[in-house]
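Heads up: the protein sequence lines correspond to chains A and B, in order. Residue numbers in the first sequence follow the numbering used here, run continuously in steps of one, and reach 138 at the last position. Residue numbers in the second sequence follow the numbering used here, run continuously in steps of one, and reach 1053 at the last position.
Check before you lean on any hint, since a few could be wrong.
[As the list claims (entries may be wrong)] If the Cβ cut is set under 8 Å, some of the chain B residues that face chain A in the computed set are: (1) Phe799; (2) Ala800; (3) Tyr803; (4) Gly804; (5) Ser805; (6) Thr806; (7) Ala809; (8) Leu813; (9) Pro863; (10) Leu864; (11) Ile865; (12) Ala866; (13) Ala867; (14) Asn916; (15) Leu919.
None of these hints come from the bench; they were simulated from the model. Just so you know, even glycine gets a beta-carbon here, dropped at the ideal spot from N, CA and C.
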Amino acid sequence: MLEPPLTAYALKPTPLTQPFWDAARERRLVVQHCRTCSKKFFRPEIACPHCRARDWEWVESTGKGTLYSFAVMHRAPSPAFKAPFIFAAIEMDEGWVLFSNLIGLEIEEAEIGMEVEVCFHAVSDELTVPLFRPARR
Amino acid sequence: MKPRPRQAAIVGLYVTKQARRLEGRTELDLLMEAADGALADAALDARDVDGAAIAWPGPGGVPNEVGSWASYFKTPLAFTSEHWSDCAGARGILKAAAAIEAGLCDIVVLGSGTAGQFTSGSVGVGDGIEFADVYGSTAMAQFALVMRRYMHEYGVGPEPFAHVAATIRNHGHVNPEAVMYGAGPYTAADVLASPLIAAPLHRLECALVAEGACAIVLTTLERARDLPHAPVLVLGGGMEFHGAAYANPPLLREMGMMGQEAVKRTFSAAGATPRDVDVFCLYDAVAFEVVRQFEMLGFCRPGEGGAFTAGDRLTLQGDCPTNLDGGILSHSWIGTGQLTLKAIECARQLRGGCGARQVEGAELALATNAGAGARHIEMALFGRA
Ligand SMILES: [Zn+2]
Chain A
2 MLEPPLTAYA LKPTPLTQPF WDAARERRLV VQHCRTCSKK FFRPEIACPH
52 CRARDWEWVE STGKGTLYSF AVMHRAPSPA FKAPFIFAAI EMDEGWVLFS
102 NLIGLEIEEA EIGMEVEVCF HAVSDELTVP LFRPARR
Chain B
669 MKPRPRQAAI VGLYVTKQAR RLEGRTELDL LMEAADGALA DAALDARDVD
719 GAAIAWPGPG GVPNEVGSWA SYFKTPLAFT SEHWSDCAGA RGILKAAAAI
769 EAGLCDIVVL GSGTAGQFTS GSVGVGDGIE FADVYGSTAM AQFALVMRRY
819 MHEYGVGPEP FAHVAATIRN HGHVNPEAVM YGAGPYTAAD VLASPLIAAP
869 LHRLECALVA EGACAIVLTT LERARDLPHA PVLVLGGGME FHGAAYANPP
919 LLREMGMMGQ EAVKRTFSAA GATPRDVDVF CLYDAVAFEV VRQFEMLGFC
969 RPGEGGAFTA GDRLTLQGDC PTNLDGGILS HSWIGTGQLT LKAIECARQL
1019 RGGCGARQVE GAELALATNA GAGARHIEMA LFGRA
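If we strip away everything but chain A, and leave its shape as in the complex, we get (with noise of 0.2 Å):
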């Protein structure tokens, strides 16, 4: 069963992405959301991409989404990762992408187009991280 592979990392969050942070430690999913033409974006970003508009506000994530591909890294990429485990691309149900760590499951389980949510990982005090597990019926 694949475990959150994070041990350790020092973040460096700007203005701009403290509050993304801020939520997850709180255990939320946070987006950017578009007053302008109403859709989500991610990263975070000072001008929405899809209409330049700066009217945005950080809005709750349903946090569901399916899998939109992965890779399963068999070396970490530094000490502070434990191997094996699944580097993801998530697709939001909301229309918003993002990386993350797929866990909760056996490598072998992992399909792309699988249902998953989001859960949390506190690495430190300073830092939880949002990943995605396998979505519970």
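Once you've looked at the hints, dock chain B with the ligand against the given chain A.
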């Protein structure tokens, strides 16, 4: 095609020894060897070089400030390229050529490499990409994302990519300059039997990391006519950037055919088509990208690149000789210098004299850098005068 006024040409090139480790060498030491070597090849004097597009890692000068080369070339320099990626590969060459053609300078030395403790660092991921690093992102992992989605959507197995990896590695197998000279030969089965790195990628489908440097010299075609080697013209080029590299997930629907606009720009500038290309030096950090780029170039439809690259098509005997030096997979990966090595192999093939791997009568050669996983691509087309 009629040469442009002040048409830029490659007139000198040099590749240092490439190896997994070059004991006792620093990056700057290697860069100076490469610059001097390329200038000697061009029969030009270092004190005439008024354009520097060559990394300055220090020690000495100010690290990462390319103007530091003024003391080694000409003072004052008339042109510098400041960023690491502007000192390498198609991107660096196109900008240096544009500077020459615009009259900003006359002779440019371009180069980069990596070694020892004064390295300017690895390419792409790992330099603090906030929403990727915490998940263990690597360049290989991001290419693997595109590759797996490609395999899923088109119902393609791992064999075609393993075949391309084996083909390119077998080119390096017989290139005495290649870091992996003598390793192999490999079959697709050997590639698939190698350990999984970032599945679906196997170790033998991924580039190796080595040390070394390389440099080229560019000047005008007019000046080139008085120099010893047949000039290699920079006929055209193109670039695409789809946001910061490795920062957002590369989606197949956006990246599958990424580069088509750059292809159009490159070939329309040269008045040629991809089918006119005699020598392909394609980005092969992973073998999958070579397959994808033949689709991007219009040789086949999306999903058919594996069938297109089957058999001996990418060998010297085939109709699309590709990465005959062994590419990044087998010849060498030296930081951004790997991008320049693509152009150097193009230039060597166009000059002739590549020995056993020479494409007879080669007139057009294409170099590509980066690809789908990186969400950017640069390419340049070279030809004989
Ligand atoms: Zn918007």
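Status of each hint after checking the structure:
A distance limit of 8 Å between C-beta atoms decides the matter here; for Phe799 of chain B the minimum to chain A is near 5 Å, and the interface restraint holds. With a cut of 8 Å, the hint placing Ala800 of chain B at the interface with chain A holds, because the nearest CB-to-CB distance is about 5 Å. Evaluation of the Tyr803 of chain B hint against chain A yields a held restraint, the C-beta minimum of about 5 Å falling below 8 Å. Proximity of Gly804 of chain B to chain A holds as hinted, the smallest CB-CB distance being about 5 Å (cut-off 8 Å).
For Ser805 of chain B, the interface hint holds, the least distance from its beta-carbon to any beta-carbon of chain A being 6 Å, beneath 8 Å. Hint status for Thr806 of chain B relative to chain A: holds, with the closest Cβ pair at about 5 Å, below 8 Å. Interface restraint check: Ala809 of chain B against chain A, minimum CB-CB distance 4 Å, threshold 8 Å, status holds. With a cut of 8 Å, the hint placing Leu813 of chain B at the interface with chain A holds, because the nearest CB-to-CB distance is about 4 Å.
Interface hint status for Pro863 of chain B: upheld, as the beta-carbon distance to the closest one in chain A is roughly 7 Å, under 8 Å. Interface hint status for Leu864 of chain B: upheld, as the beta-carbon distance to the closest one in chain A is roughly 5 Å, under 8 Å. Interface hint status for Ile865 of chain B: upheld, as the beta-carbon distance to the closest one in chain A is roughly 6 Å, under 8 Å. At a threshold of 8 Å, the smallest CB-CB gap from Ala866 of chain B to chain A is about 4 Å, leaving the interface hint in force.
With a cut of 8 Å, the hint placing Ala867 of chain B at the interface with chain A holds, because the nearest CB-to-CB distance is about 4 Å. Residue-level restraint check for Asn916 of chain B holds (minimum Cβ-Cβ distance to chain A is 6 Å; threshold 8 Å). Annotation: interface hint on Leu919 of chain B holds; nearest CB of chain A at approximately 7 Å, less than 8 Å.
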